[in-house]
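Based on these hints, arrange chain B on the given structure of chain A.
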Amino acid sequence: MEMLSGGDMLIRALADEGVDIMFGYPGGAALHIYDAIYRQDKVKHILVRHEQSATHAADAYSRVTGKVGTVLVTSGPGATNAITGIATAFMDSIPMVVISGQVPSDKIGQDAFQETDMIGVSRPIVKHSFMVQNPADIPEIVKKAYYIAASGRPGPVVIDVPKDYTAPNETYEYNYPESVSMRSYNPVQKGHSGQIKKAVSAILAAKQPVIYIGGGAIHGNTPELVTKLIKTLGYPITSTLMGLGAYPSTDEQFIGMLGMHGTYEANTAMHKSDLIFCVGARFDDRVTNALDKFCPNAKIVHIDIDPASISKTIAADIPIVGPADTVLQQMLPLIEKGKDKVDSAALESWWKSINEWRQKHGLYTKNRFDDQSEMIKPQEVVQAVYKATKGEAIVATDVGQHQMFAAQYYLFDKPRKWVTSGGLGTMGFGIPAAMGAQFAFMDDTVVCITGEGSVQMCIQELSTLKQYGLPIKIININNQALGMVKQWQDMNYDGRYSEILYEDSLPDFIKLAEAYGHVGMKVTKREELMSKLEECFAMKDQVVFMDIYVDPDEHVYPMQIPLESVGDMQLSKTERTA
Amino acid sequence: MSKRRRIISVLMENEPGALSRVVGLFSQRGYNIESLNVAPTEDDSLSRLTLTSIGDDLAIEQITKNLNKLIDVVKLVDLSEGSHIERELMMIKVRATGSMREEVKRSVDIFRGQIIDVTQSTYTIQLLGDSEKLSAFIDAVGESIVLEVVRTGVSGISRGEKILKL
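Each protein sequence line maps, in turn, to chains A and B. Per my numbering, residue 71 is the first one in the first sequence, and the count goes up by one each step. Per my numbering, residue 96 is the first one in the second sequence, and the count goes up by one each step.
Since the hints were made in silico from the structure, they are not lab data. Treat the hints with care, since some could be wrong.
[To be verified] Pair ranges (Cβ atoms, derived): (1) Ala206(A) / Ser97(B): 36 to 44 angstroms; (2) Lys363(A) / Asp225(B): 41 to 49 angstroms; (3) Thr136(B) / Phe511(A): 46 to 54 angstroms; (4) Pro194(A) / Ser178(B): 31 to 39 angstroms.
[Claimed, not checked] Below, a sample of chain A positions facing chain B; criterion: calculated Cβ distance under 10 angstroms: (5) Ile189; (6) Gly190; (7) Pro194; (8) Ser199; (9) Met201; (10) Gln203; (11) Met252; (12) Arg253; (13) Tyr255; (14) Gln259; (15) Ser379; (16) Lys382.
Glycine included, C-beta positions come from ideal geometry on N, C-alpha and C.
The following block holds chain B by itself, in its conformation from the complex:
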């Protein structure tokens, strides 16, 4: 069975310990987590967690079943099963001196990013997109000038009328 990257979006009780149950489940059962992010929602009692994992259909089925078994998990959806939008934010600090300053700026424009902090020898750039685009940007400017990378991990939402809500 072929392995695919999945985006699983989880609504869970905003309770102490809830996040550790989710993360613990992954290490306990040997599932991989590519990225994970979590934050409160408009409803104070709920957090929304998005995680990406790579696995075949059986593995992902087990992951969603076991997540659903956690008492703190209220609802979840595998966004990759349907049409969806995914975004990730990256802040990246690069060395930018001499002719490189212009070159990097051009790449930032092409990728529709913004330079959000400048020193004489560095740029700090903000870039939004799907994970592939962010990785492509790093390749474009060249790893040799990259000083620091911070990525939020993927957030996702279904397209159209479909919602994940209580």
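Bound conformation, chain A alone:
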């Protein structure tokens, strides 16, 4: 039996768990662990410039690979800096393990230097957490942490490790468990067959159905099954922000994203539907709008791995708790071979209505923004990026108008290409997320679509990009204001622009990029947009920071009208649904 110190056991356990990369930042309480990292070469450690970035990078690594992301930080400020990233992962159900150093066990509770109660601070934003009580437990805790993070509804798990338990002078028998069983944690393995039968007959009986998918369709590895389902049924499908890419966005049956900035056709179809079949989404407030006006005629069939997501905001008529892939596998044969059939006459007239809505106000039948204006429109930037990357890039975003334009105009045909902070809406996510995604796929084009507000929240990572040679492309949609806040102030506060302007204090992003050793390019004219972007994407080995000046007065539309139904939208500055 091998004898190892706590620190060596920890890193060795990560290696045995199959972790090949971790993102972190050293500090006093984590020094023994960092020494253990130095003595091995199985787990690669990436030194970021701020712990928040470590969590976002690990989160994005997980989103694009489906594996569990790993983070290592020190105690106190290291741990608290990681909090925003942990909360981001928690809201979007991203599997992640965050290891935080802690002050020595005999100093806990004494307000020691760099002491923070990490278990307490992180409690509401983790799926679970472990405080190491005995170094010998480390391998088992690591095994449990990865199991919990990845199974059921995924989420972040924190392991807090007091410094003395990782010290090199004491060693323990190392044995990495092959499996783990916990009496208090047994995620559901399949759907209830009675409920599934009921769901199938309701789905086939529908005359105006909509399939509504969310992030769970991606986490649940369902894209092929969802495609099969949609093709078998011939029904329209919409997706939340988190589910984009689970079904090909360019397919005729995809009616666009739904919700606050969803398409006219998706929101209208939802509102008028008689059946909503939800796969792995949670009826959150950015989708439902006013709960009491939500889809008045719709019967709700809801598959979710997390029972607490069912009937939380909108009561499900037919709930099915279970992993989306298994439930769909149980369901498909019943749909294909059962005696109930799709009502094709009803479906045809349903599609006729949907196609009329598409023609009338759809985002993809013609440009719904002024594409002849003097200034570049932000929507055009995303369209141009889509074209320049042939729709095949991994796209990370920050949060705000640019994020919504990216969701609307970059049409994802494949899952795990779209990396955005949906639930928490974390500004600063973009660059570190692009960084984490690039580490996972070094040969792929990774784009960070951002704005001049968000990008400044984690801009220090330009340095990390240099250190590791990560050639991400930063598309800064620069409208010289905090655009989404500005839009709300335009719409709801009579244009009183409270604290959204920088008063000529924006940095020269070109010089800034150059200072970090990257390429910077400024674009102000429509006619040079495409050529400059092509130039940018041709620089395969360089980080390119594209600072693109756009119309500062552009709004994101459609936009649901507060306190109204899913289908009540502002369609432009002057037009709204009846």
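What follows is chain B alone, placed relative to chain A:
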């Protein structure tokens, strides 16, 4: 939907931090806790926690679902869904002088409590029952003579063969 008082009984891992996860869940999600008590069971590795909360069916469903999601929670039951027994212990110190001494003692007898400590001017009384009975006792003796009240919060158990165990 009508709101009712529920008694939720939880078996959870006897681990550090487990209780704070339960309590944290309630404040985090805006659920109310009327009373809460927790103690180890015959199995050292498990604690039993009983809490009472007031809510409609949907709210209570969310509470039990979210409690079940906590990794430290092994099993739970909403006792108020079936026939059950609930008990709460109260110790109450009252001012008892002159003619009041006899009067208070009579009330204690009627409520089948015991006087467990006596001074010249006070009685300390122990009383067991459901929460309503304990409140009724306070009303009976009159709040004006009450000096101090300690209640354990509700404990509950199902009637008959039904058990909450691993």
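Evaluated hints:
1. Checked against the given bound of 36 to 44 angstroms, the beta carbons of Ala206(A) and Ser97(B), roughly 53 angstroms apart, lie outside it.
2. Distance hint for Lys363(A) and Asp225(B): a CB-CB separation of about 43 angstroms, consistent with the stated range 41 to 49 angstroms.
3. The hinted window of 46 to 54 angstroms between Thr136(B) and Phe511(A) holds, with their beta carbons roughly 51 angstroms apart.
4. Between Pro194(A) and Ser178(B) the C-beta distance comes to about 36 angstroms, which sits within the given range of 31 to 39 angstroms.
5. Annotation: Ile189(A) was flagged as interfacial toward chain B, and the flag holds, the nearest CB pair being 6 angstroms apart, inside 10 angstroms.
6. Because the beta carbon of Gly190(A) sits about 7 angstroms from the nearest beta carbon in chain B, less than 10 angstroms, this interface hint is met.
7. Interface restraint check for Pro194(A): the shortest CB-CB distance to chain B comes to about 5 angstroms, inside 10 angstroms, so the restraint holds.
8. At about 7 angstroms, the closest approach between the beta carbon of Ser199(A) and any beta carbon in chain B falls short of 10 angstroms, and the interface hint on this residue holds.
9. The restraint placing Met201(A) at the interface with chain B holds, with a minimum CB-CB distance near 7 angstroms, inside the 10 angstroms limit.
10. For Gln203(A), the shortest C-beta to C-beta distance to chain B is roughly 7 angstroms, which falls under 10 angstroms, so the interface hint holds.
11. With its C-beta approaching chain B no nearer than about 7 angstroms, Met252(A) sits inside the 10 angstroms limit, and its interface hint holds.
12. The criterion of a C-beta within 10 angstroms of any C-beta in chain B is met by Arg253(A), whose closest approach is roughly 6 angstroms, and the hint holds.
13. With 10 angstroms as the threshold, the beta carbon of Tyr255(A) comes within range of chain B, its nearest partner Cβ sitting at about 5 angstroms, so the hint holds.
14. Using the Cβ-Cβ criterion of 10 angstroms, the hint placing Gln259(A) at the interface with chain B is not satisfied: the shortest such distance is roughly 16 angstroms.
15. Because the closest C-beta pair between Ser379(A) and chain B is about 9 angstroms apart, less than 10 angstroms, the hint holds.
16. Hint status for Lys382(A): holds, given a least beta-carbon distance of 6 angstroms to chain B, under 10 angstroms.
When the structure is compared with the earlier hints, violations turn up for hints 1, 14 and for no others.
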